[in-house]
Amino acid sequence: MLIVLDNSNPAPLYQQIVDQVRAKVLAGEIQPGTQLPSIRQLAADLLTSVITTKRAYQELEAAGLIQTRPGRGTYVCELTESSRQRLKLAEVEDHIREAVQAAARLGIRRPQLVELLERMMEAEGLDDE
Amino acid sequence: MSEKAFVLTGVEKQLGDFRLKIDDLSMDRGFVLGLVGRNGAGKTTTIRILLNLIYPDRGRVSVLGLSMPRDESTIKRRIGYVSENPSFYEDMTVAWTIGLVSRYYPAWDQELSQHYLRKFDLDPRKRVKQLSKGMRVKLALTLALSHRPELLLLDEPTSGVDPVIRRELLEEIADMIKDERHAVVFSSHITQDVEQVADYVAIIDDGRVREYADKERLLDRWCRVTGRTPANGRDISPLFRSLRTQGDSFSGITDRYSPEWERRLEETGVSGHRVHRLGLDEILLSLSGKEI
Numbered sequence: 001m002l003i004v005l006d007n008s009n010p011a012p013l014y015q016q017i018v019d020q021v022r023a024k025v026l027a028g029e030i031q032p033g034t035q036l037p038s039i040r041q042l043a044a045d046l047l048t049s050v051i052t053t054k055r056a057y058q059e060l061e062a063a064g065l066i067q068t069r070p071g072r073g074t075y076v077c078e079l080t081e082s083s084r085q086r087l088k089l090a091e092v093e094d095h096i097r098e099a100v101q102a103a104a105r106l107g108i109r110r111p112q113l114v115e116l117l118e119r120m121m122e123a124e125g126l127d128d129e
Numbered sequence: 001m002s003e004k005a006f007v008l009t010g011v012e013k014q015l016g017d018f019r020l021k022i023d024d025l026s027m028d029r030g031f032v033l034g035l036v037g038r039n040g041a042g043k044t045t046t047i048r049i050l051l052n053l054i055y056p057d058r059g060r061v062s063v064l065g066l067s068m069p070r071d072e073s074t075i076k077r078r079i080g081y082v083s084e085n086p087s088f089y090e091d092m093t094v095a096w097t098i099g100l101v102s103r104y105y106p107a108w109d110q111e112l113s114q115h116y117l118r119k120f121d122l123d124p125r126k127r128v129k130q131l132s133k134g135m136r137v138k139l140a141l142t143l144a145l146s147h148r149p150e151l152l153l154l155d156e157p158t159s160g161v162d163p164v165i166r167r168e169l170l171e172e173i174a175d176m177i178k179d180e181r182h183a184v185v186f187s188s189h190i191t192q193d194v195e196q197v198a199d200y201v202a203i204i205d206d207g208r209v210r211e212y213a214d215k216e217r218l219l220d221r222w223c224r225v226t227g228r229t230p231a232n233g234r235d236i237s238p239l240f241r242s243l244r245t246q247g248d249s250f251s252g253i254t255d256r257y258s259p260e261w262e263r264r265l266e267e268t269g270v271s272g273h274r275v276h277r278l279g280l281d282e283i284l285l286s287l288s289g290k291e292i
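Chain order of the listed sequences is Y and B.
Take the first sequence: its position 7, counted from the start at 1, is 7 in our numbering, and no numbers get skipped.
Take the second sequence: its position 14, counted from the start at 1, is 14 in our numbering, and no numbers get skipped.
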């Protein structure tokens, strides 16, 4: 599993691990049932601490993406289509929240923000169905 | 086998004007402790007390479940130490140095020492005085690791060392911990290294432990919060360690950030607030009373 940690990224290291694993699982790059490295192995591979990888796995487990079976290892969960959709939306939700909060700070009004959103969706070719 | 890598209880030591006082510091095996603090804060003294190179005036020292100084020789055989400026017989070769040290350790593994020499690119025929600082540290690390210690103590291992060797040293620290019976304690004023590989962080200032926590929880708690002050003029400073305001903007440092803390902040009527985690260097500055 290829994870790249970036010290200059303001996001905490454990968050970077969570984000990358989540992205790979949702994109299908890591199949359900795949075994993930132990927290110790991952810490050594990424040159980070066990506390960090443990925290990342805890968050991924809370999100329903992975499951640790004591003595057996950590595995990627089987995701139903609806939970997959829910997780994908959750990821986008964080980004949208940041945009809305920025808009609120700057005093941008709803119609302007909606128009901006429509324009961007058009530019990125988002499906209408 | 003791769960604890080390335990310091009620330890006190007076060295001239400097006084070290550690009421309670311990860590389980399987983890890395980073000791952070300014020069002269007490990091080296703490490590030396664990090694019994300095004998405390008061208190109890236990290492790997054994008692210092009673079990000193047993403990010494099971730990590896790299001091801040490792000293050697400068005119002697790397190979000779290894031969010298190997005799002190029944568990010495000569093949392992050769493995490290190759890994670290250390020429056994080179004389110590020909080695760069980074190579000297790697030699010291070879000597520390070749008897398969359970606890590794490193005093400022990455200071004054080039980025490539710094990386090699951090890799060895991370590698050591793959075995959960092992533990590492390293001190560093390069907070970035501690932030990266340490599981636990102890911030030492003026001879005392000011903070000791799980690294992620420590970094969660210490935050910079910015935003606009409440329109009703309510005083938000009780929520912060330090606060700066200019006009209706504020920037404050808290060491108690949590979702509940954030709710209390919101209740005061602030608007547009943003929260950023602080880096370990900034936490150290704040604890030293510096404005950040």
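Simulated from the structure, these hints should not be mistaken for laboratory data.
Backbone N, C-alpha and C define an ideal beta-carbon position, used for all residues, glycine too.
Be a bit skeptical, because a hint or two may be false.
Stated by the list, open to error - With the C-beta cut set under 8 Å, the calculated list includes, among others, these residues of chain B facing chain Y:
| no. | residue |
| --- | --- |
| 1 | E168 |
| 2 | D175 |
| 3 | I190 |
| 4 | A198 |
| 5 | L219 |
| 6 | N232 |
| 7 | G272 |
Tested hints:
no.	hint	in the structure
1	E168	violated (11 Å)
2	D175	holds (6 Å)
3	I190	violated (12 Å)
4	A198	holds (6 Å)
5	L219	holds (7 Å)
6	N232	violated (19 Å)
7	G272	holds (4 Å)
Hint compliance for this structure: hints 1, 3, 6 are not met, and every other hint is.
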